[in-house]
Every structure is written in C-alpha cells, then in structure tokens.
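Novice: Each chain is listed here by its residues.
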Amino acid sequence: MAKFGSALFNRLVIIIPYAWLLFFFLIPFFIVLRISLSETAVAMPPYLPVFDLASGFGGFIDNIKQFSIDNYIWLTEDALYTKAYASSLWIAGVSTILTLLIAYPVAYGMAQAPNTIRPTLLMLVILPFWTSFLIRVYAWIAILKPEGLLNQLLLTLGLIDQPLIILNTNWAIYIGIVYSYLPFMVLPIYSSLEKMDHSLTEAAQDLGCTPIRAFWRVTFPLSMPGVVAGCMLVFIPAVGEFVIPDLLGGSETLMIGKTLWNEFNANRDWPVSAAVATILLLILVVPIMFFQHAQAKADAEGR
Amino acid sequence: MKSLGSIRRSFAPWADPNSVPFIAVKNVTKKFGDFVAVDDLSLNIYPREFFALLGASGCGKSTLLRMLAGFEQPTSGEIILDGQSLAGIPPYKRPVNMMFQSYALFPHMTVENNIAFGLKQDGMPKADIAARVEQMLKLVKLDKFAKRKPHQLSGGQRQRVALARSLAKRPKVLLLDEPLGALDKKLREETQFELMDLQQELGLTFVVVTHDQEEAMTMADRIAVMAHGKVVQVATPPEIYEAPNSRFVADFIGDVNIFDGKVSSAGNGTVDIAMETGFTVRVAATEPLATGTKAGFAVRPEKIRVGRDRPACAPLNAAQGEIWDIGYLGDMTVFHIKLKDGKVIKASSLNAVRAVEDPLGYDQEVWISFDENAGVVLKD
Numbered sequence: 063m064a065k066f067g068s069a070l071f072n073r074l075v076i077i078i079p080y081a082w083l084l085f086f087f088l089i090p091f092f093i094v095l096r097i098s099l100s101e102t103a104v105a106m107p108p109y110l111p112v113f114d115l116a117s118g119f120g121g122f123i124d125n126i127k128q129f130s131i132d133n134y135i136w137l138t139e140d141a142l143y144t145k146a147y148a149s150s151l152w153i154a155g156v157s158t159i160l161t162l163l164i165a166y167p168v169a170y171g172m173a174q175a176p177n178t179i180r181p182t183l184l185m186l187v188i189l190p191f192w193t194s195f196l197i198r199v200y201a202w203i204a205i206l207k208p209e210g211l212l213n214q215l216l217l218t219l220g221l222i223d224q225p226l227i228i229l230n231t232n233w234a235i236y237i238g239i240v241y242s243y244l245p246f247m248v249l250p251i252y253s254s255l256e257k258m259d260h261s262l263t264e265a266a267q268d269l270g271c272t273p274i275r276a277f278w279r280v281t282f283p284l285s286m287p288g289v290v291a292g293c294m295l296v297f298i299p300a301v302g303e304f305v306i307p308d309l310l311g312g313s314e315t316l317m318i319g320k321t322l323w324n325e326f327n328a329n330r331d332w333p334v335s336a337a338v339a340t341i342l343l344l345i346l347v348v349p350i351m352f353f354q355h356a357q358a359k360a361d362a363e364g365r
Numbered sequence: 122m123k124s125l126g127s128i129r130r131s132f133a134p135w136a137d138p139n140s141v142p143f144i145a146v147k148n149v150t151k152k153f154g155d156f157v158a159v160d161d162l163s164l165n166i167y168p169r170e171f172f173a174l175l176g177a178s179g180c181g182k183s184t185l186l187r188m189l190a191g192f193e194q195p196t197s198g199e200i201i202l203d204g205q206s207l208a209g210i211p212p213y214k215r216p217v218n219m220m221f222q223s224y225a226l227f228p229h230m231t232v233e234n235n236i237a238f239g240l241k242q243d244g245m246p247k248a249d250i251a252a253r254v255e256q257m258l259k260l261v262k263l264d265k266f267a268k269r270k271p272h273q274l275s276g277g278q279r280q281r282v283a284l285a286r287s288l289a290k291r292p293k294v295l296l297l298d299e300p301l302g303a304l305d306k307k308l309r310e311e312t313q314f315e316l317m318d319l320q321q322e323l324g325l326t327f328v329v330v331t332h333d334q335e336e337a338m339t340m341a342d343r344i345a346v347m348a349h350g351k352v353v354q355v356a357t358p359p360e361i362y363e364a365p366n367s368r369f370v371a372d373f374i375g376d377v378n379i380f381d382g383k384v385s386s387a388g389n390g391t392v393d394i395a396m397e398t399g400f401t402v403r404v405a406a407t408e409p410l411a412t413g414t415k416a417g418f419a420v421r422p423e424k425i426r427v428g429r430d431r432p433a434c435a436p437l438n439a440a441q442g443e444i445w446d447i448g449y450l451g452d453m454t455v456f457h458i459k460l461k462d463g464k465v466i467k468a469s470s471l472n473a474v475r476a477v478e479d480p481l482g483y484d485q486e487v488w489i490s491f492d493e494n495a496g497v498v499l500k501d
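Chain order of the listed sequences is A and B. Taking the numbering used here as reference, the numbering of the first sequence is continuous, increasing by one, and the terminal residue is 365. Taking the numbering used here as reference, the numbering of the second sequence is continuous, increasing by one, and the terminal residue is 501.
Please keep in mind that the hints were generated in silico from the structure rather than gathered at the bench. Idealized CB from N, CA, C, for every residue including glycine. Hints may contain errors.
Once the Cα atoms are required to be at most 25 angstroms apart in a straight line, the calculated DMTMM-like pairs of lysine to aspartate or glutamate come out as [said to hold, decoys possible]:
| id | chain 1 | residue 1 | chain 2 | residue 2 |
| --- | --- | --- | --- | --- |
| 1 | B | Lys262 | B | Asp249 |
| 2 | B | Lys241 | A | Asp259 |
| 3 | A | Lys257 | B | Glu193 |
| 4 | B | Lys270 | A | Glu256 |
| 5 | B | Lys351 | B | Glu299 |
| 6 | B | Lys500 | B | Asp372 |
| 7 | B | Lys214 | A | Asp259 |
| 8 | B | Lys265 | A | Asp361 |
| 9 | B | Lys241 | A | Glu264 |
| 10 | B | Lys461 | B | Asp484 |
Which residues of chain A face chain B? A partial, calculated answer using Cβ under 8 angstroms [what the hints assert, rightly or not]:
| id | residue |
| --- | --- |
| 11 | Asp259 |
| 12 | Leu262 |
| 13 | Glu264 |
| 14 | Gln267 |
| 15 | Gly270 |
| 16 | Cys271 |
| 17 | Pro283 |
| 18 | Leu284 |
Construct the entire structure; sequences and hints are all you get.
Specialist: Here you go:
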C-alpha cells in the first residue's frame, strides 16, 4: 500500500509540471496558432471561422477547411514584418552583449566578495524588482530626456555643451533593456561562479598561468553554463519587448513587440498579430532546440 | 642509547653539517589579521627528501605549504629555494608544483589536457607535450583513461591524474596537500608506498602536509610536528615515535601512557622517578636531572608487558593493577589496566600465536612491567 502510495506520489510530482505546461503554454499556443490561421472579420471575436459546439462534428470539419495560411504569406509580402523581426533580433542581440559585458564583472566581484557580504550584494541586485517595472522605465525617461538628469549633470560638469539626444533613439532602448534585464544575467553567472572551487584558479596559476590567463583558461569556460543561461534569459524576452521600445524608443524604432501591439490594438487584426506571434516563437524556439540538441550530443561524447 | 636514526638507505643529509638545504625557511611568520598562523618558523629541507608537515588542523601546516607555493606571502621572514629567495615571486613563476587536497582537476578538460595544461603554459612544442603526457600517464598507470573527463574517474584515479599533472612540469619541489585524504583506507595504504617509490624514482623533493600520523610515519624521511604555528620537533619517524622531545609530541604521535613524578635519585646514565601513582621507574636518561625536579615519563602500550606473576624487576618499573577492558584488534590485543591508585593505562600485546591457553580475562589481577629503555623522560 505504501509502495502504491509512493508510486502515485511520484506520478503526481511529474504530472504537475506537465499540466502546468499544458494549461499555460500549449493550450494558449494552440489558440494563438488557430487564430493565426483564421480570417479577419468585423465581428466579435474579430475573426472567422468561429467554432460552435452546436454545429457538431460536421461543422467542426467545415471550419477546419476554412483555415488558410494567407496571414503567413502576408507577413512575407510586406517588408515591414521582416524588418521588424531583424531589427528586434539585432536590438536584443546588442543589448544581450552589453548586458553580459556589465553583468559578468558584477557577478565575478560578487563571487569573490567575502562570504559575509554576499547576501547583501545579492539583495542589492534583486532590490530593483521591488519597484514596478513600468515606473522604473518611466524614471529613465526623466533621466535621459534632453533636459533630464543625465544631461544636466554632464552640462554642469562641462563635459558637453549641447544636451545629448538619447531619448527616443535606439541607445535609450539599449540602456533600458540592459538596466531592466541586468539581474537576469547577473544571477545565473553569479551562481555558476560562486560554486566554483577556488583551488582551480590556484591550480592554474601553480601550473604557470598568470591570473588573467587563468581566468580565460579556467574560470570563464567553467562559467559558460551561467553565461548561456543569462544570455537566454535576456535575449528571449528582449526580442519580444514592448514596453521599453514604446516608452524609450523613437518613431523610427521598429520592434516586433510594437508591431504586434499595433496589429492587435490599432488595426484590430487578430489573425495577423497571431501569425506574427507564432513566427516570433518559432524564431526563438528553433535555435534553442538546436542548441540544446548540440549540447546534449557534446555531453554524450564526453561520457 | 641505541640508534633511532634513518631507516632508509642511510639517507640522512640533515645529519651532515656540510650539506646545503634545498629549501630554507627562515624565521617565517604569517599573520591573518590578529591570528598568527605561522609563528617565527625555521626549517631546512634537503634535496631528494620526503618531508612531512604533521599537525592537527589549524596548526599552520597548510599555510606554510601555501607560502612555499606562493599563494600566501610571509608577513616576515624569508623562504629560500635552491639558493634563491622566493620573496615576491608569484606562484606561476616558481619552480614548484602543488597537488591540491581537492585535486583541483579542471572539470572541462580531459585527463590528457589536464596533464598537458602546465606544459602548454610553458610553450613547449606539441610533439614534446604529447610525449611527456604519455610518459606521465604511464607513470601513474592511467594510459587507458587519457580521453576521459575527471567526473568519469574514480577517486583513486583522480588522485593519480592530479599527481601526474603536478609532476608533468618536472618541478624542483612537489608540494602535496593531504594527498591521500580523500581515499579510503586500503587505497590510501597502497598509494603511500606508490608515492614513496615514485619519489625515489624521480629523485624529487616532496613536501607533504598531513594530519594523518600513520601517513607521515610511513612515507616521510623526516617529520616536522607542528602546533600553534610552531615546529615542535623535526626528526625521523623512529625518533619522533621513540624519542619524542615533549609531552605534546609523545601524546600526538601514537598511543602513549604518561606518568608524572619527581626525580628521586640519579645513577650512572639512569634516573629514578617516583611516580604520583606510587611506583618508581628507572629509566635511561640522555642528560642528568637533579633530584627533586618534576619529570614525566612516557611509555608506549606495546612496550608494556602484562602478566600474572610478579616480575623480577619489581618494585622498579613494575606496578600492580586489574584488567578493566580488553580490545581485540586481530593482530594485537589492547588492555586497559586500572592501577592500584585508579589510573588507567594502556598496554598492548601482539597476537603472535593463534590460540593462547588460559588468556587474561576481565577483572583479573595483573602485573605490568617494562624495561629501562622502554620509555622516555619528559622534562616539561
């Protein structure tokens, strides 16, 4: 009986995350996919066909037959979408690299700090989350605008004689993304550095490496899992980021999150925006799957 | 007194006033804040010596080793290696390699690459590196494991990789920090002898840090017993065991019975010490002691005879007691004997024959006795 109970428990433990995935990822995804195959209509909801339980199985088949990939063809025909995807990937990529360049030294410093002050440092990294994300992005407007805090400071110091135009440029978006996503990069890198055996770098030095070489030959390669995890945690949400480009970016900034918002709210074109979202998902998921496959293969070879 | 000198092929450069030390530690002090880890310590280590730093944790032995490796700088004093001062020389420029307690193998590299790591830093030609790595793998009998990663090896194999890696650059001195600490008992005993053979074969100077006295006794030419940042005694294993220079060393190394008393009379090469426990020992003394001075007497359990009959030497070097506990260890039996005054001493006897007629049992009245040269006088 006890054995049966524990087997049941084990199954439950496995079922819960799968059920979570099913309800909060797969089902919404299929709804989006289904809408993307529909046609725009002036109706409620604003697309056709609409499934109706009353029409029975025959009606269901009829509805399926009405599905088309026209929306996806439309995406390839209008250069706007391709440009938005490319520009999103570019902005997310640059931001991810900038975040990595700032986060790595921060994480390294934290991992090297004495044990007693590490919890405090960790707290400081997490602290910004206690304020609303939106408020923090608005605060950046106040900092970056031509008469904002940054420009006033630089003008007072005499470093510049004309206010810098940062707000409503891509630079403001980079700053916003780097600022907002920094903790997501710092934490995984810190955790991979923190658990590293300090005697490894000593061993590298003992065998003839200068401290800098020891870092590149031993510490950095061993922190790669943290770097990869951090980059994904920043890159993936940054590609679809909407709030930061909307508030800090300019009119010429083209990002897929903004495009999606326009299609959905301004144009009320649910099927096209669903298609945009589906393609975005594919762009993000397919490379990650390839990457994980390659990593699993490399792991298997090492064994 | 009979010789307690070196047992290994009459290798004893420390006894020769003309020999030049290979490593000279001169009045080295190391402080961490207020804590004095190493306290005005001086030591000489000779070429090809297998030298052990032995002590409890926190005695400063690891700090001393880390100063030799260059990971710590002495607060004051100087370390000289092969005639050259090591002051200010960083670890990566020292002709010294270290085998770490945790082995510190690079988890992202194969066994080969771990061993080749130091050679690559030196810019050795590729063909030479390959040859050296192969030689090292053979030396530690791991030729078949060259392509494995550390996590695919057993503890003993990892230990060998760590050893091969630290030997690959042919250092002048190999430092070993608790080299066998992570191995199980049987493997540890085998590896002790392998390390000794390897050291002989390569003709290198080894400095090993250990808290395991058996390990130090087995492997080392000389042992420095350390406590509170100071060296208490430096001597060969037999000297350390048979002629400890202090109560601390006598107590730290092996089992010992220590009695306290006062010198009652001094004879020709011997002193009589009247013990608080009510019996008198006559013991060979290396130096004369004045009557009335306080003295301790240390005698090892295996040097004490236990018997039913009153020994011929009684009342000197003999006392009566009762068997309190018996521990049968297979190769020998340990007796805890309660003397008349209540002090419990340890005595052990080798089980040289398989069955004894009428063995000693619990609560039995017995006599303990020992020879004049069985123990040592402790002056402190």
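Novice: Now tell me, hint by hint, if it's right for this structure.
Specialist: The hints, checked one at a time:
no.: 1; hint: B/Lys262 to B/Asp249; in the structure: 20 angstroms, holds
no.: 2; hint: B/Lys241 to A/Asp259; in the structure: 22 angstroms, holds
no.: 3; hint: A/Lys257 to B/Glu193; in the structure: 23 angstroms, holds
no.: 4; hint: B/Lys270 to A/Glu256; in the structure: 22 angstroms, holds
no.: 5; hint: B/Lys351 to B/Glu299; in the structure: 19 angstroms, holds
no.: 6; hint: B/Lys500 to B/Asp372; in the structure: 14 angstroms, holds
no.: 7; hint: B/Lys214 to A/Asp259; in the structure: 22 angstroms, holds
no.: 8; hint: B/Lys265 to A/Asp361; in the structure: 20 angstroms, holds
no.: 9; hint: B/Lys241 to A/Glu264; in the structure: 17 angstroms, holds
no.: 10; hint: B/Lys461 to B/Asp484; in the structure: 13 angstroms, holds
no.: 11; hint: Asp259; in the structure: 6 angstroms, holds
no.: 12; hint: Leu262; in the structure: 5 angstroms, holds
no.: 13; hint: Glu264; in the structure: 6 angstroms, holds
no.: 14; hint: Gln267; in the structure: 5 angstroms, holds
no.: 15; hint: Gly270; in the structure: 3 angstroms, holds
no.: 16; hint: Cys271; in the structure: 6 angstroms, holds
no.: 17; hint: Pro283; in the structure: 5 angstroms, holds
no.: 18; hint: Leu284; in the structure: 6 angstroms, holds
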